[in-house]
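Modelling step: build the complete structure from the supplied sequences, incorporating the hints.
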Amino acid sequence: METTVHDALKGVLDPEFGISVVDLGLIYGIVVEPDVVTVRMTLTTPSCPLHDTIMEDVEQAVRTAAGRPAAIELVWEPAWSPDLISPEALAQLQS
Amino acid sequence: MQAHSNHAPPFSLVWRHVAVALVALPAALGLVAWVGPDLVAHPRGALALTAVHLLAIGWMAMVVMGALTQMVPVVLGVPLASHRAIGVSHALTLFGALALVTGFATGFHPAVTAGGTAVAVGLSVFAGVMALTVRRVKPWDLTAFAVAASLGCMVLGAALGALMALNFRFGFWPALYGAMPAHAHLLVVGWLSTLTAGVSYKLLPMFTLAYGHPMRLSRWALALVLGGAVAWLPTLVLPAAWPLPAVLQGLGALLYAWDARQLLARRKKRRLETGLGQATRAIALLPLIVAVGALAALGVPGAAGAYGTLLLLGWVSWTLVGYLYKIVPFLVWVDRFSAPSSAGRRPLAPDLVDTRLARIAGDALTLGTLALALGFGLGLPWLAQLAAGVAGLGAAVAAYDLFMTTQRKGVTPWKPPSTTPSRASSIPSSASASSTSA
Chain A
1 METTVHDALK GVLDPEFGIS VVDLGLIYGI VVEPDVVTVR MTLTTPSCPL HDTIMEDVEQ
61 AVRTAAGRPA AIELVWEPAW SPDLISPEAL AQLQS
Chain B
1 MQAHSNHAPP FSLVWRHVAV ALVALPAALG LVAWVGPDLV AHPRGALALT AVHLLAIGWM
61 AMVVMGALTQ MVPVVLGVPL ASHRAIGVSH ALTLFGALAL VTGFATGFHP AVTAGGTAVA
121 VGLSVFAGVM ALTVRRVKPW DLTAFAVAAS LGCMVLGAAL GALMALNFRF GFWPALYGAM
181 PAHAHLLVVG WLSTLTAGVS YKLLPMFTLA YGHPMRLSRW ALALVLGGAV AWLPTLVLPA
241 AWPLPAVLQG LGALLYAWDA RQLLARRKKR RLETGLGQAT RAIALLPLIV AVGALAALGV
301 PGAAGAYGTL LLLGWVSWTL VGYLYKIVPF LVWVDRFSAP SSAGRRPLAP DLVDTRLARI
361 AGDALTLGTL ALALGFGLGL PWLAQLAAGV AGLGAAVAAY DLFMTTQRKG VTPWKPPSTT
421 PSRASSIPSS ASASSTSA
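Taken in order, these protein sequences are the chains called A and B.
Under the working numbering, the first residue of the first sequence carries the number 1, and numbering increases by one thereafter.
Under the working numbering, the first residue of the second sequence carries the number 1, and numbering increases by one thereafter.
If a hint is listed, it holds; no wrong ones were tucked in.
Here are the simulated lysine-lysine pairs, DSSO-like style, with alpha carbons at most 30 Å apart:
| id | chain 1 | residue 1 | chain 2 | residue 2 |
| --- | --- | --- | --- | --- |
| 1 | B | K409 | A | K10 |
| 2 | B | K269 | A | K10 |
| 3 | B | K268 | A | K10 |
| 4 | B | K138 | B | K268 |
Label-pair distances were calculated between CB atoms; the ranges are:
| id | chain 1 | residue 1 | chain 2 | residue 2 | range |
| --- | --- | --- | --- | --- | --- |
| 5 | A | T64 | B | Q262 | 38 to 46 Å |
| 6 | B | G212 | A | V36 | 29 to 37 Å |
| 7 | A | P87 | B | D141 | 28 to 36 Å |
Treat the hints as calculated values from the structure; they're not laboratory data.
Each residue gets a CB set at the ideal place from its N, CA and C atoms; glycine is no exception.
Structure, rendered in structure tokens:
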């Protein structure tokens with residue numbers, strides 16, 4: 001089920017870069033429990049202007065994929081860094 | 001500090017500022033194109049004052065007020081202290097700008113006095129709302145400090161301008177006739193430059209994924225720019241003190257240009273969209289502005305006009321146009337496409353603008369500005385007229401493009417390239433809270 005949720009999150013895109021929250025390295029962990037899916041994640045910056053939109057999209061994607069509500073744990077430690085971007089996404093950014 | 005996009009103000013509150021600004025920029029450049037020979041012959045005459053104030057208040061002040069209304073709550077993560085007061089400040093500033101430029105153009109002094117006063121009050125109300133808003137930010141970072149300090153310069157510069165407008169009418173302080181450099185630099189350097197440079201330390205990393213830049217030089221650069229702007233104040237009573245502010249702000253500008261270049265070298269997103277490209281062109285222009293400013297300080301004929309053109313139309317306007325190409329699509333995207341129900345039919349925010357038009361606008365503005373500076377510098381009225389026409393055309397194209405961006409409703413949704421297995425996709429099915437993709 002974690003893989004299903006993870007794949008669903010690959011459909012949640014950052015509308016500025018067109019890269020998924022997974023490939024940007026924003027997803028730190030997924031825990032599936034009987035009544036809730038907990039997603040531990042971060043954002044590229046605490047000032048991210050699309051904070052609410054991305055949170056809502058993640059919640060929606062989890063609910064659709066797992067059929068149960070999502071609990072999003074937004075963390076700033078460890079801080080996001082560009083080193084977390086997947087090689088494919090990095091290639092897309094640098095093309 | 002945690003930002004929320006629901007702190008964003010209503011679309012209409014921001015757009016009413018931007019819309020006025022997008023009309024004022026082509027109008028000001030059109031005026032320059034129309035009366036170019038007169039401006040070259042009388043750079044401090046009534047028509048020059050008309051064009052400069054249309055540009056400074058109608059374009060720059062309005063776009064900065066709109067941009068701050070949008071960005072401060074979103075980027076700094078605090079709600080605006082009052083939406084209503086922002087509406088009042090917009091109305092006062094707009095009325096004041098119209099009265100001021102009409103007064104300068106017709107020589108009707110009471111309109112200059114009333115307009116200058118209304119603008120000063122309008123900008124002060126705006127600064128008050130922003131000060132109350134920024135006060136809630138914890139902890140303050142360089143950008144919050146720059147916003148607050150720039151607002152202080154705005155109030156000082158606007159107050160000095162209002163005093164000059166009153167003096168224009170009643171003539172109670174002869175020394176104020178020589179206050180033009182202090183007035184102009186407090187606003188253009190202290191307000192607009194401190195603000196745009198300070199905000200760039202948030203926007204450039206955010207839009208280009210340039211993280212890990214050490215901020216030591218950044219703080220020095222902003223301190224020098226700000227110190228230079230404030231150091232113009234003593235020249236009101238001691239005119240011979242002008243070299244100090246000139247040197248400070250020149251050093252600050254060069255240091256900022258160097259520092260911003262270092263920051264951008266870290267970016268992960270290599271290709272800059274047209275808007276950010278225009279903003280980086282503005283940064284690259286700073287060394288030339290410092291050099292021409294030095295020539296103006298040495299009294300080289302024509303250099304003052306070229307310096308003012310490069311500063312106002314080059315550095316400030318290119319930056320503002322560039323950032324508008326990020327702000328307006330973002331506003332439209334959040335307004336039309338951010339709801340979860342829109343998922344699946346969303347464009348990317350940068351795709352909301354017509355990039356071909358954006359490129360034409362940017363290139364025309366760039367070419368027109370440089371040629372206009374040359375026209376003023378060499379005293380060639382025909383070149384100044386032609387260049388202002390080209391720059392005005394560029395501004396009009398940008399205004400049209402950004403206006404059309406606000407009209408976009410149905411657009412082709414963006415789809416990611418076909419996905420290949422990524423490093424992050426290898427999270428095992430037994431992933432737990434302690435497992436991270438990093």
